[in-house]
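Enquirer: So you can see what is in the structure, the chains are spelled out below.
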Amino acid sequence: MEGEKNSLNIILDSIADGVFTVDKEWRITSFNRSAERITGFSRSEAIGQYCYEIFRTNVCLEQCALRETMETKQNIINKELNILDKYNQEIPVSISTAVLRDKRGKIIGGVETFRDLSLIKELDKEIHEKYSFQDIISKHPSIISIFRILPDIARSEATVLIQGKSGTGKELFAQAIHNLSPRRERPLVKVNCGALPETLLESELFGYRKGAFTDAKRDKPGRFQLAEGGTIFLDEIGDIPPGIQAKLLRVLEGKEFEPLGGTTTLKADVRIVTATNKDLSKLVKQNQFRDDLFYRLNVVKVELPSLSKRRTDIPLLIEHFIVKFNKKMGKEIKGVSEEVMNILMNYAYPGNIRELENIIEHAFILCKGTHILKGHLPRYLHELETAGPEKKSIQKLEEEHIIHTLHTCGGNLAKAAEELGIHRTTLWRKLKRIGVS
Amino acid sequence: MKIAIPINGGRIAPRLPLAKEVIIVEVQGKREVEREKVDISLLHSLEIPDFLASQGVTKVIAGGVTWHLQEMLRIHNINVIWGIMGAVDEVLDFYLKKGLQDGMGPCPPMRRRRRFRGIHGY
Ligand SMILES: Nc1ncnc2c1ncn2[C@@H]1O[C@H](COP(=O)(O)OP(=O)(O)OP(=O)(O)O)[C@@H](O)[C@H]1O
Ligand SMILES: [Mg+2]
Numbered sequence: 000m001e002g003e004k005n006s007l008n009i010i011l012d013s014i015a016d017g018v019f020t021v022d023k024e025w026r027i028t029s030f031n032r033s034a035e036r037i038t039g040f041s042r043s044e045a046i047g048q049y050c051y052e053i054f055r056t057n058v059c060l061e062q063c064a065l066r067e068t069m070e071t072k073q074n075i076i077n078k079e080l081n082i083l084d085k086y087n088q089e090i091p092v093s094i095s096t097a098v099l100r101d102k103r104g105k106i107i108g109g110v111e112t113f114r115d116l117s118l119i120k121e122l123d124k125e126i127h128e129k130y131s132f133q134d135i136i137s138k139h140p141s142i143i144s145i146f147r148i149l150p151d152i153a154r155s156e157a158t159v160l161i162q163g164k165s166g167t168g169k170e171l172f173a174q175a176i177h178n179l180s181p182r183r184e185r186p187l188v189k190v191n192c193g194a195l196p197e198t199l200l201e202s203e204l205f206g207y208r209k210g211a212f213t214d215a216k217r218d219k220p221g222r223f224q225l226a227e228g229g230t231i232f233l234d235e236i237g238d239i240p241p242g243i244q245a246k247l248l249r250v251l252e253g254k255e256f257e258p259l260g261g262t263t264t265l266k267a268d269v270r271i272v273t274a275t276n277k278d279l280s281k282l283v284k285q286n287q288f289r290d291d292l293f294y295r296l297n298v299v300k301v302e303l304p305s306l307s308k309r310r311t312d313i314p315l316l317i318e319h320f321i322v323k324f325n326k327k328m329g330k331e332i333k334g335v336s337e338e339v340m341n342i343l344m345n346y347a348y349p350g351n352i353r354e355l356e357n358i359i360e361h362a363f364i365l366c367k368g369t370h371i372l373k374g375h376l377p378r379y380l381h382e383l384e385t386a387g388p389e390k391k392s393i394q395k396l397e398e399e400h401i402i403h404t405l406h407t408c409g410g411n412l413a414k415a416a417e418e419l420g421i422h423r424t425t426l427w428r429k430l431k432r433i434g435v436s
Numbered sequence: 000m001k002i003a004i005p006i007n008g009g010r011i012a013p014r015l016p017l018a019k020e021v022i023i024v025e026v027q028g029k030r031e032v033e034r035e036k037v038d039i040s041l042l043h044s045l046e047i048p049d050f051l052a053s054q055g056v057t058k059v060i061a062g063g064v065t066w067h068l069q070e071m072l073r074i075h076n077i078n079v080i081w082g083i084m085g086a087v088d089e090v091l092d093f094y095l096k097k098g099l100q101d102g103m104g105p106c107p108p109m110r111r112r113r114r115f116r117g118i119h120g121y
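If you read the protein sequences in the order shown, they are chains A and B.
Per numbering that gives the first Met the number 0, the very first residue in the first sequence carries number 0; after that it's consecutive.
Per numbering that gives the first Met the number 0, the very first residue in the second sequence carries number 0; after that it's consecutive.
I should point out that these hints are in silico values taken from the structure, not numbers from a laboratory.
Keep in mind it's a predicted model, so treat the numbers as computed, not measured.
Each residue gets a CB set at the ideal place from its N, CA and C atoms; glycine is no exception.
Check the hints yourself; a few may be wrong.
Said to hold, decoys possible - Pairs of lysine to aspartate or glutamate, DMTMM-like flavour, derived with a Cα cap of 20 Å:
#1 B:K96 <-> B:E25
#2 A:K367 <-> B:D49
#3 B:K19 <-> A:E61
#4 A:K333 <-> B:E46
#5 A:K326 <-> B:E70
#6 A:K23 <-> A:E67
#7 A:K326 <-> B:E46
#8 A:K333 <-> B:E70
#9 A:K23 <-> A:E70
#10 B:K19 <-> A:E397
#11 A:K327 <-> A:D291
#12 A:K85 <-> B:E70
#13 A:K330 <-> B:D49
#14 A:K85 <-> B:E35
#15 A:K367 <-> B:E46
#16 A:K367 <-> B:D101
#17 A:K367 <-> A:E338
#18 B:K19 <-> A:E399
#19 A:K277 <-> A:D291
#20 A:K330 <-> B:E70
#21 A:K327 <-> B:E70
#22 A:K367 <-> B:E25
#23 A:K326 <-> A:D134
#24 B:K19 <-> A:E398
#25 A:K333 <-> B:D49
#26 A:K330 <-> B:E46
#27 A:K300 <-> A:E156
#28 A:K414 <-> A:E398
Claimed, not checked - Pulled from the structure, derived: some chain B residues nowhere near chain A, Cβ distances all over 12 Å:
#29 M0
#30 K19
#31 I23
#32 G28
#33 E31
#34 A52
#35 E70
#36 P105
Take these sequences, add in the hints, and give me the full structure.
Expert: Here's what the structure looks like:
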């Protein structure tokens, strides 16, 4: 018997995974060498202690896997959670559990194995970092392929047309192209062509000479001059009026232009990057955009898909914005609840990534805890039906929160709804679901 | 001085943010003068430091506390002794008589007769 126990210990100690057993009182009865290594507790420190006081996982007591196994007699395999080691560092682990029986089959306790995932998580992080390029986050194949060619695009002098709906990151890509180009030390000058009336836009772009019109008291350089040696980013290029289209074509063909009221032509050593949220080829067909200019601009085209077409990026972007706003606002928000993730994964995003960014920013202002909850989202998202079952724990938390709030508001629905930051009908619906009347 | 101890039944809770209750003990010199049990189950972990500070707590005696939360507590001028295990009364007793150190683990027995604490002894 003693010998048997010894050889079992030798086997357990040679396993790379941590292994421990508990009795029915949750006191640790064995603790192998890997368990010592991963947790930092020695065998003598651990044996006899309650397992939850040694492991201190994020699910101890409430959702303990070992307890579930002991109650249901079902093994649990590869559940991910994190423990605190002796020095209070969080360590991600994957655990598996089984019941422990004596020779007659009577349950005498449980056994749990746990694998240190720190290394794998580190690797994950590295892979994740590959999803980011010049502050642009994506793992969508179409964007990844743009990442691949972006350095080449940047190095060339070719005119770039970036097409994408509002908020898809056009300006971000324009900036990245400039940053990666040999012109990076020179200015990147941005012009929103949709924002100015024709005459103003013309003088903005090309500048004017003193006396070109009554208010022109002295020479004023245009944006092309300011961008000398660098890059000019012409945003909303689809909005430029025909007169300026002709002038722009000249710049593209001859690399020169004339300021308003001037007689001399100026050389323009400027790289042109343009963007539009319209379909330029359609505008050409409708005779609203010159086809010769279109071909000049359309040398290299970068198409940015709408966020609704790359939903797998949503969790990455959420994480990215959380990090960004934590830094900006000095907060320590860790993530979003599953319910919120559900809502955000299913929303249509007419405003694309900018809209997602605004949603997270809005939530940041309201969120006082570690996780962004539904109540922190802008109201227009509250009414969205979420697909798929919500995780019970979060649902339960929400229920508790609602009942608690209702209680503190003396049962006043309107007040409670306001306190919770949800619409009264939503609250009413939730209460019906919970079964409170 | 007010000391907060996150609890699970009669013992120190394994991990602070997961504790449903804390006891807040007022201590004068080496004597406990008052204690109160407070429900913290509805607080987010990041709300805990603020809440404890609002109760006048300046020290926490706990089991597991992530570094992150320790930092938050420190910002609220709350000193943390972490890595303590054991029955609340014994730990408190030990703390008042001999002091506790971070990562000490199971609180050693004091080898003395237990004082009767009345029916609310946790
Ligand atoms: N892939 C991305 N990763 C990280 N942030 C992004 C990404 N795409 C866009 N953003 C952010 O979203 C916001 C909107 O992006 P940007 O201004 O580049 O869009 P746009 O296409 O120029 O929009 P508009 O057409 O309205 O001018 C910015 O704050 C930007 O930093
Ligand atoms: Mg833009």
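Enquirer: It remains to establish, for every hint, whether it holds in the given structure.
Expert: Right, here's what the structure says about each hint:
Distance restraint check for K96 (chain B) and E25 (chain B): the Cα-Cα separation of roughly 15 Å lies within the 20 Å cut-off, and the hinted pair is therefore satisfied. For the given pair, K367 (chain A) sits about 11 Å from D49 (chain B) by alpha-carbon distance, which is consistent with the 20 Å threshold. A hinted pair counts as satisfied when its Cα atoms are at most 20 Å apart, and K19 (chain B) with E61 (chain A) qualifies at roughly 10 Å. Distance hint between K333 (chain A) and E46 (chain B) is fulfilled; the C-alpha atoms sit about 13 Å from each other, no more than 20 Å.
With a CA separation close to 16 Å, the supplied pair K326 (chain A) and E70 (chain B) stays within the 20 Å bound. For a cut-off of 20 Å, the pair hint linking K23 (chain A) to E67 (chain A) stands: about 13 Å separates their Cα positions. Only pairs whose Cα atoms come within 20 Å are accepted, and K326 (chain A) paired with E46 (chain B) is accepted, the gap being roughly 19 Å. Annotation: proposed proximity of K333 (chain A) to E70 (chain B) holds, straight-line Cα distance about 15 Å (limit 20 Å).
The straight-line distance between the Cα atoms of K23 (chain A) and E70 (chain A) is roughly 11 Å, inside the 20 Å bound, and the hint therefore holds. With a C-alpha separation of about 16 Å, the suggested pair K19 (chain B) and E397 (chain A) falls inside the 20 Å cut-off, and the hint holds. With a C-alpha separation of about 45 Å, the suggested pairing of K327 (chain A) with D291 (chain A) is violated against the 20 Å cut-off. Proposed proximity of K85 (chain A) and E70 (chain B) is supported: the alpha carbons are some 18 Å apart, at most 20 Å.
Restraint check: the Cα-Cα separation between K330 (chain A) and D49 (chain B) comes to about 14 Å, which is no more than 20 Å; the hinted pair holds. For the given pair, K85 (chain A) sits about 29 Å from E35 (chain B) by alpha-carbon distance, which is inconsistent with the 20 Å threshold. For the hint pairing K367 (chain A) with E46 (chain B), the CA-to-CA distance comes to about 7 Å; that is within 20 Å, so the pair holds. At most 20 Å may separate the alpha-carbon atoms for a hinted pair to count; K367 (chain A) and D101 (chain B) exceed this at roughly 29 Å.
Simply put, K367 (chain A) and E338 (chain A) have alpha-carbon atoms about 17 Å apart, close enough for the 20 Å limit, and the pair holds. For the suggested pair K19 (chain B) and E399 (chain A), the alpha carbons sit about 13 Å apart, so the restraint of at most 20 Å is met. With a C-alpha separation of about 17 Å, the suggested pair K277 (chain A) and D291 (chain A) falls inside the 20 Å cut-off, and the hint holds. For the hint linking K330 (chain A) to E70 (chain B), the alpha-carbon distance of about 13 Å falls within 20 Å, and the restraint holds.
In summary, the hint linking K327 (chain A) to E70 (chain B) is supported, as the alpha carbons are separated by about 19 Å, within the 20 Å threshold. Distance check on the hinted pair: K367 (chain A) and E25 (chain B) sit about 28 Å apart at the alpha-carbon level, beyond 20 Å; violated. Straight-line distance between C-alpha atoms of K326 (chain A) and D134 (chain A) comes to about 15 Å, which keeps the hinted pair within the 20 Å bound. A threshold of 20 Å between alpha carbons decides the hint, and for K19 (chain B) with E398 (chain A) the separation of about 16 Å falls inside it, so the pair holds.
For the given pair, K333 (chain A) sits about 17 Å from D49 (chain B) by alpha-carbon distance, which is consistent with the 20 Å threshold. Between K330 (chain A) and E46 (chain B) the CA atoms are separated by roughly 12 Å; this keeps the pair inside 20 Å, and the hint holds. Annotation: proposed proximity of K300 (chain A) to E156 (chain A) holds, straight-line Cα distance about 13 Å (limit 20 Å). As the CA atoms of K414 (chain A) and E398 (chain A) are separated by approximately 17 Å, the hinted pair is consistent with the 20 Å bound.
Every Cβ of chain A is farther than 12 Å from the Cβ of M0 (chain B); the closest lies at roughly 23 Å, confirming the non-interface assignment. Its beta-carbon lying about 9 Å from the closest one in chain A, K19 (chain B) breaks the requirement of being farther than 12 Å from that chain. The beta carbon of I23 (chain B) sits about 20 Å from the closest Cβ of chain A, which is more than 12 Å, so the claim that it is off the interface holds. Residue-level check passed: G28 (chain B) sits 30 Å from the nearest beta carbon of chain A, beyond 12 Å.
Chain A leaves E31 (chain B) outside its interface by the beta-carbon criterion, the shortest separation being 23 Å against a cut-off of 12 Å. Every C-beta of chain A lies more than 12 Å from that of A52 (chain B), the closest at about 14 Å, which supports listing it as non-interface. Its closest Cβ contact with chain A, about 9 Å, brings E70 (chain B) to no more than 12 Å, contrary to its assignment away from the interface. At the 12 Å boundary, the C-beta of P105 (chain B) falls inside the reach of chain A, the nearest C-beta of that chain being 6 Å off.
The structure does not agree with the numbered hints 11, 14, 16, 22, 30, 35 and 36 stated previously, though it agrees with the rest.
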